[in-house]
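Asks: Keeping their order, the protein sequence lines are chains H and V.
What the first sequence shows, in this note's numbering, is residues 832 to 1248, in sequence order.
What the second sequence shows, in this note's numbering, is residues 18 to 567, in sequence order.
These aren't lab readings, by the way, just hints derived from the structure by calculation.
Values in this document were obtained by computation on a predicted structure and should not be read as measured data.
Any given hint could be a false lead.
What the hints assert, rightly or not - Derived PhoX-like pairs (lysine-lysine); straight-line CA-CA distance at most 20 angstroms: (1) LYS1061(H) / LYS1023(H); (2) LYS972(H) / LYS1003(H); (3) LYS1156(H) / LYS245(V); (4) LYS1156(H) / LYS1062(H); (5) LYS55(V) / LYS1245(H); (6) LYS1156(H) / LYS1061(H); (7) LYS1099(H) / LYS1156(H); (8) LYS1061(H) / LYS1003(H); (9) LYS524(V) / LYS1156(H); (10) LYS179(V) / LYS150(V); (11) LYS270(V) / LYS208(V); (12) LYS1127(H) / LYS55(V).
Claimed, not checked - Computed from the model, here is a short list of chain H residues facing chain V with C-beta under 8 angstroms: (13) CYS892; (14) ARG1043; (15) GLY1116; (16) GLU1143; (17) PHE1188; (18) PRO1190; (19) GLU1205; (20) MET1230; (21) GLU1239; (22) TYR1243.
Unchecked claim - Here are the simulated distance ranges between beta carbons: (23) GLY66(V) / PRO1006(H): 55 to 63 angstroms; (24) GLN535(V) / LYS946(H): 30 to 38 angstroms; (25) ASP264(V) / ILE1074(H): 44 to 52 angstroms; (26) VAL261(V) / GLU1163(H): 50 to 58 angstroms; (27) ALA903(H) / GLU427(V): 23 to 31 angstroms; (28) ASP104(V) / GLU1124(H): 50 to 58 angstroms; (29) THR132(V) / ARG923(H): 53 to 61 angstroms; (30) GLU170(V) / ARG1131(H): 50 to 58 angstroms.
The beta-carbon is built from N, C-alpha and C at its ideal position, and this holds for glycine as well.
Given next are the chains, with one letter for each unit.
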Amino acid sequence: MSGHGKRVLVLGGGIAGLYAAKVLAGHGTAVDLVEKSGFLGGHGLQYGCKAGAACEKCGACTVEQILADVAAEPRITVHLRAELAGVEGNGRFSATIRQRPRLLHDDADLAACYKKTGGQRLVVRGWSPNNRPFYAVNPGKLSEEGGAEKVLGLVEQACPGAAAVDGEEAEKTLPADAIIVATGFAPFDACKKPTYGYGKIPNVVTGLEVERGLRAEGRVLRPSDGEPPKKAAFIQCVGSRDIALGNPWCSRVCCAYALRIAQAARYKDPELSVTVFYMDIQSTGKSFPAFYEQCKKDLRFVRNIPVDAFPEQGGRVRVAWSHPKTGARVEEAFDLLVLSIGITPNPDNAGLSRALFIPLDADGFFAAGDGELERAATIRPGVFVAGTAAGPKSIPASMAHAAAAAAEALEYLKEAS
Amino acid sequence: MTRETVGTASTKTISLSTDVLVLGGGYTAIKCAAALSKRGFGVFLAHPGEDLVHPAGPAGAPAGDWEPELAELVDHVRQDKNIIVFDRARLKKAAGMPGDFSVTLRKGDADVVRTVGAVVVAPEFDKKSLHEKYGLSLSDNVVTQSTLDAMLEADDPVLSGKGSVAFVAGFAQEGTTLLVERVLTQVRRLKKRRSVDVYVIIGNINLAAEGLDRLYAMAREEGALYFKLNEPPEISQDPVLSLVFRDPVLRRKMLLEPDLLVVEEQFAAPEQNRSVARLLLLKAGPSGFLQPDNVHFSSVRTTREGIFAAGPARGYLDLPQGFMDAENAAMAVEDILDEGKAEVPAQTAEVDRDKCAICLTCFRVCPHGAVSWDDKAKISPLACQACGLCASECPQEAIQVHGFSDRELEGRIAGAAKDGAEAPTIVAFLCKNSAWPAWEAARAMDHPLPGGFKPILVPCAGEVDVDYILDAFVQGADGVLAAACHAGNCRFHQGNRYAARRVDNAKRLLSEAGIDPQRLAFARVAANMGVEFSRIAMQMHERLEKRKKT
């Protein structure tokens, strides 16, 4: 086995980090998997199944599977609530990890505490039973209450014995023979497109919110009344291919998820009418031609990106666009408006770039393999990049990239020894 | 080369060949050969061409800045002593199992037989001209993209006389990023030569690939004009070459009379795929690619262990993606052929040689090509994925899956069905890869589940025998549920189809026996959908409750 006796640091516990860790461990390598949040799984674990009569190939269920594999893998050590503080060495690294405290006692009855505190308020739970531990302190509450100590007090008050005494941040030093950066992306902040009224109009939602709803409820519902919409619209390229915003890139996943969600919702409610506003429809894989043909029959496509959305009575959203043929202003009301937000660079990239001495590209993603044939290598030997940290990718593409990063890392370990 | 592995008590010693056959003569195949050789494997690189050459036929996207690197790679592979290149060679025959495939190559008019441990299929795309779909005939001023490539390569003086060039693309096929990349690259090469007016009339701009958005931005800056249309332009070749269409931006009719019209080509799955799939017993996917369109077949995996598909063999992938595949294929080969990996997995299927009537049902149903035979059926422990399809289809009941034998299942069914719950008892056969984790998620998320719900783990819903279902009723179950994944999601290719069919059969048998077939249900649920699982189980519970009352 090529990776025996070696240790690799993987930064990021989304699908790319999980898959890279799994592949490395499968080759005998010990892995330290460092995740900033309280749960492994990243964005992919929050997505719902979009199958209708048949699987629509979104890959969300594979994240669940890979997470289960990682949870069962003894060669992988998981560090949750942890971030890279610094790296020393060259070729063989020594990484310092800063880890926030867990704040909860694992032997306390956290399920009871979760229920007692109203669920998803003071204590939150993971997206999957493979999230271990399954319960964590709500990170939102930490910033709201202004620190760990306050929150500890609240936990102890509500559920005696559940709060951990140790509330201090800890630093750990981890030796690493190679590093894989798989820190993922940030979803585009839809508030940066204010004319769509996101955050102000109740039934204007983002694609990510619909995904989460699909995962939790199994359906697409309106936030205002929890009812399924009868007439929905998707606006594509929100935050992508937008020069004015400084986001010229195509996010490569939004067409796929929007069309799949639309078809999944229509499978449950064939009466649902869906309009898709778009510039170009991006292909999604081998079966795309047939899938898109079906979509053209079932959905209404308008080749124009709307400029405005307004609230209307009954929770409806009025959308205005210019007619693609005549240029005339058209307005129409929908029960639900989905903004197909894209992938933007993780705001941590700049700091990580400085800590690791690896450059970012013009868009702010890691410049791994830009214009190169080897797509996971960076300019620094021993440091590799996987997944959306290097640019927008789907779940399967992130997995392929992560496998390539693991393969290149294993080659590097062999040569370095 | 052969590597011996000594088994532990539960395994037998299997000798594995550490030679690998790579099929294809393009850069993906060449890169794969190099990656395998680097990992210490011997490589037979077989391709139909005259010689391994640079430039080899890449994915179609011109190699551009990578020229020197690719030239070096080809040179390196030609000199590598671990790589034996067979020119003018095609796969003619194949047999055997992972670690021990016997492959026959047709080289010229001779057959060459080799033993290899694994096979990587990595041919290049076939490019097909689509001019006929536009009703055009090729001429001096109507050419294919390949012809333009050749003209550019040869610096053809004819090009100098062409003051304006138009491209049509994306109307005769659903475009791909490969098509857009090729058009943009050709536009840039034209613009680089001399001042020429370039018009691109295109359906969709497919940009969802690494670096393509930037390429598009550069190509636009360099001054070509792009018209994105929903309908194809009207093209006439007689008396003069002309294109008529409506400009969607200016909203008026346009007439172009270019000196040269370049018509799109299609990147089609390699022609070789078809024969290779037949010879290697692979279940091919859509559009002629060698991988089912199934999210569980990640990266280079095919339906068979030890056989991998890289680059254009498996999908619309560009050269860098082909290179990633080459690395991943080499790593996957290392995974199965490396020492210690030859141990028989604990969970596999065994044939009772006394019962086997060698009807070969198992050979036909096995999605993994794991069954061969001497005087009885044999299952390769390396190829077997322990899905249990063969076990449940075997008419002699001669095959048992370790941990899921008929006897073990009978015990579990009896235990579940007899449980004296007050609520209706539902014996639920849950697929390990979909319904079982969905049930676990439902529990963890506190979604409601019926009081009499009794789950039984199965390796694949396709392993559920009609006998198991009937047995559950005989043992006292009020209802039986078989839960699988969605169509096109089965890790074992199509176990879910077998499951659905068997439930139908069982329903018919129940009807004939006077038992209400509504007590049996088949459901599909994804691994990550606890909420759906809960809904399915509760609906079944309510149905049974209602039945009990009436």
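Asks: All hints, please: hold or fail.
Replies: Okay, the hints, checked on the actual structure:
| no. | hint | in the structure |
| --- | --- | --- |
| 1 | LYS1061(H) / LYS1023(H) | violated (28 angstroms) |
| 2 | LYS972(H) / LYS1003(H) | violated (25 angstroms) |
| 3 | LYS1156(H) / LYS245(V) | holds (13 angstroms) |
| 4 | LYS1156(H) / LYS1062(H) | violated (23 angstroms) |
| 5 | LYS55(V) / LYS1245(H) | holds (10 angstroms) |
| 6 | LYS1156(H) / LYS1061(H) | violated (27 angstroms) |
| 7 | LYS1099(H) / LYS1156(H) | violated (33 angstroms) |
| 8 | LYS1061(H) / LYS1003(H) | violated (53 angstroms) |
| 9 | LYS524(V) / LYS1156(H) | violated (55 angstroms) |
| 10 | LYS179(V) / LYS150(V) | violated (25 angstroms) |
| 11 | LYS270(V) / LYS208(V) | violated (26 angstroms) |
| 12 | LYS1127(H) / LYS55(V) | violated (48 angstroms) |
| 13 | CYS892 | holds (4 angstroms) |
| 14 | ARG1043 | violated (12 angstroms) |
| 15 | GLY1116 | holds (7 angstroms) |
| 16 | GLU1143 | violated (29 angstroms) |
| 17 | PHE1188 | violated (23 angstroms) |
| 18 | PRO1190 | violated (16 angstroms) |
| 19 | GLU1205 | holds (7 angstroms) |
| 20 | MET1230 | holds (5 angstroms) |
| 21 | GLU1239 | holds (7 angstroms) |
| 22 | TYR1243 | violated (12 angstroms) |
| 23 | GLY66(V) / PRO1006(H): 55 to 63 angstroms | violated (48 angstroms) |
| 24 | GLN535(V) / LYS946(H): 30 to 38 angstroms | holds (36 angstroms) |
| 25 | ASP264(V) / ILE1074(H): 44 to 52 angstroms | violated (21 angstroms) |
| 26 | VAL261(V) / GLU1163(H): 50 to 58 angstroms | violated (32 angstroms) |
| 27 | ALA903(H) / GLU427(V): 23 to 31 angstroms | holds (28 angstroms) |
| 28 | ASP104(V) / GLU1124(H): 50 to 58 angstroms | violated (41 angstroms) |
| 29 | THR132(V) / ARG923(H): 53 to 61 angstroms | violated (40 angstroms) |
| 30 | GLU170(V) / ARG1131(H): 50 to 58 angstroms | violated (45 angstroms) |
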